[in-house]
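Trainee: Assemble chain H onto chain Z, guided by the hints.
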Amino acid sequence: MPSIRELARICKSKNAGPFDLTIDIVFDDVALYQKVRASGVISEVLFARLYGVAVDDVLLTPYDAAMAIKATFPRLVPAGGIGDTDVYGCQQHAPLLDVEIPF
Amino acid sequence: MARAPHVIGVDGGSVDPGPYYLGAGVPFCSTMAIRRDLRLMLHAAIAARIPLMIGTSGGAGGAPHLELTAKLVREIAAEEALQFRLALIQAEPPRVELQRRLAAGRIRPLGKQPPLTAEALERASRVVGMMGPEPFMEALDNGAQVILAGRASDPAPWAAAAIRAQLPPAPAWYAGKMLECGATPSIPKGHDCLLVTVREDGVECEPMNPIRRCTPLSIANHSLHENSSPIHHIEPGGMLDTSDCRFEALSDRAVRISGMRWRPAAQYTAKLEGVEFAGYRCISICGTRDPLLIARLPLFLEEVRGIVHEKAAAFGAAPESYSLIIRTYGLDGVMGAREPEQQVAGHEVGFVIEVIAETPEIAAAVLGIARTNMLHTDFLGRLCREGNMAFPFSPSDIPVGPVYRFSIHHVLELDHPCEIFPITYENI
Numbered sequence: 000m001p002s003i004r005e006l007a008r009i010c011k012s013k014n015a016g017p018f019d020l021t022i023d024i025v026f027d028d029v030a031l032y033q034k035v036r037a038s039g040v041i042s043e044v045l046f047a048r049l050y051g052v053a054v055d056d057v058l059l060t061p062y063d064a065a066m067a068i069k070a071t072f073p074r075l076v077p078a079g080g081i082g083d084t085d086v087y088g089c090q091q092h093a094p095l096l097d098v099e100i101p102f
Numbered sequence: 000m001a002r003a004p005h006v007i008g009v010d011g012g013s014v015d016p017g018p019y020y021l022g023a024g025v026p027f028c029s030t031m032a033i034r035r036d037l038r039l040m041l042h043a044a045i046a047a048r049i050p051l052m053i054g055t056s057g058g059a060g061g062a063p064h065l066e067l068t069a070k071l072v073r074e075i076a077a078e079e080a081l082q083f084r085l086a087l088i089q090a091e092p093p094r095v096e097l098q099r100r101l102a103a104g105r106i107r108p109l110g111k112q113p114p115l116t117a118e119a120l121e122r123a124s125r126v127v128g129m130m131g132p133e134p135f136m137e138a139l140d141n142g143a144q145v146i147l148a149g150r151a152s153d154p155a156p157w158a159a160a161a162i163r164a165q166l167p168p169a170p171a172w173y174a175g176k177m178l179e180c181g182a183t184p185s186i187p188k189g190h191d192c193l194l195v196t197v198r199e200d201g202v203e204c205e206p207m208n209p210i211r212r213c214t215p216l217s218i219a220n221h222s223l224h225e226n227s228s229p230i231h232h233i234e235p236g237g238m239l240d241t242s243d244c245r246f247e248a249l250s251d252r253a254v255r256i257s258g259m260r261w262r263p264a265a266q267y268t269a270k271l272e273g274v275e276f277a278g279y280r281c282i283s284i285c286g287t288r289d290p291l292l293i294a295r296l297p298l299f300l301e302e303v304r305g306i307v308h309e310k311a312a313a314f315g316a317a318p319e320s321y322s323l324i325i326r327t328y329g330l331d332g333v334m335g336a337r338e339p340e341q342q343v344a345g346h347e348v349g350f351v352i353e354v355i356a357e358t359p360e361i362a363a364a365v366l367g368i369a370r371t372n373m374l375h376t377d378f379l380g381r382l383c384r385e386g387n388m389a390f391p392f393s394p395s396d397i398p399v400g401p402v403y404r405f406s407i408h409h410v411l412e413l414d415h416p417c418e419i420f421p422i423t424y425e426n427i
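Chains Z and H, in that order, are what the protein sequence lines are.
For reference, each letter of the first sequence is one residue, going 0 to 102 in numbering that gives the first Met the number 0.
For reference, each letter of the second sequence is one residue, going 0 to 427 in numbering that gives the first Met the number 0.
No lab work stands behind these hints: they were computed from the structure.
With a straight-line cut-off of 25 Å between C-alpha atoms, the simulated DSS-like cross-links for lysine-lysine are:
hint : chain 1 : residue 1 : chain 2 : residue 2
1    : H       : Lys188    : Z       : Lys11
2    : H       : Lys111    : Z       : Lys11
3    : Z       : Lys34     : Z       : Lys11
Computed Cβ-Cβ distance ranges for the label pairs, DEER-style:
hint : chain 1 : residue 1 : chain 2 : residue 2 : range
4    : H       : Val25     : Z       : Leu58     : 27 to 35 Å
5    : Z       : Ser42     : H       : Glu425    : 50 to 58 Å
6    : H       : Pro318    : Z       : Leu58     : 32 to 40 Å
7    : H       : Thr358    : Z       : Ser38     : 49 to 57 Å
8    : Z       : Asp55     : H       : His231    : 14 to 22 Å
9    : Z       : Ala37     : H       : Ser250    : 27 to 35 Å
10   : Z       : Val29     : H       : Ser250    : 20 to 28 Å
11   : Z       : Gly51     : H       : Leu39     : 44 to 52 Å
12   : Z       : Gly51     : H       : Ala164    : 43 to 51 Å
All residues carry an ideal CB built from backbone N, CA and C; glycine is no exception.
In isolation and in its complexed conformation, chain Z is listed as follows (with noise of 0.2 Å):
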């Protein structure tokens, strides 16, 4: 099965805020983003399984207008406070790249 790194052309993570982080897919081909999408494996749940937070916390949209999917949900650690390890919180996304999407 082909995985998210072979897919997307753009999977980052960024602070959308001082408490939240936003991770985003983004796709160059419509018929991939679709197929990508009606697989179902981008979801609140799979990024509650990645990144350690509760469902509800997950706030997915996608995006037809940029073929993207983003997610946001709350940092571990508000963005330089004391633990935080990437203030900027644009090295998160590494344990997306792996998830494979059955097509």
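Mentor: Then chain H, alone, in the frame of chain Z:
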């Protein structure tokens, strides 16, 4: 400048580099770098007789950040004999004013923040309000050519210019969204200029550096930047709805975006950002190349922590008076508790030993004990009897200064968009 833009804008800052810069009142970029950029932009704007508008001056947009930027602008103008009307827009309201508005019930939490208390507001080291485009528009109406603002919504300078030119708010705000990180919506990613043309029904983006291109993918990527939702962008005074946007290539390096909508809010609000003091930090950096130690790392670190607590208590630093954190690069230094890989895969491991305490003296004292015990604590099977850690520096212990934490992430209801953002003018 040959393309004859109507305004030069800059988003000069962010909360993104963390709470320190707002708390300490210092810029995130060096004054050498800020001076270089200001000089280029002042020359270009004055020669073209167009406005130069900078939001979130000095990195965090507090009073000291704005004053530093104003000082640099005055110095450059004097050196280069430039003449213009300067406006400074403050964004750090007096604390008593905020307390009065809190008591009046006009400050609300954002997201999952608790309601703001008078104590938390008092405790904050610095609090800024985030302005929309209206204060910039007022300064333009009053004849300012160079406008330096404190904390501002990232798109505000450009939204101000476009709205004042009678263009609709939706493409005006969208233009600002594209411009807030310079050439970032292009590939290859780099840090120079983007030209955005605002029209009645959309915006057109084109990077000015010939090595870069805007493509529908690069624009789509930037449309997702730093927002919790890709379709609803909350701004002072309303919401930019991008759910029906279309991205079309105009050429191999320019993209047109259309279909954005602006939904005015019933109540105008300005975001408040505040930070509070959290202690003093001292750190030390070291690494191990010993496979016997790497194989026993969790136990070893646990033992070091225990010894540090014991020895620090012996000189009067109780465990609750400091935080000891040992960051393990090569294991979970980047993702912390969210790291799915539980084993070290490499042949060497790096550590940042960190202590945060109420005073710099306690932080340095506890860090010293932690550094010594990382170096010398025994472990089962140890062959390296002279020391466990390679330290790259002498001195090994680095005082980092004060630590802040974000403590205010709320919105303030305003009756007028400019009411907490006073403007002063100078003829330079």
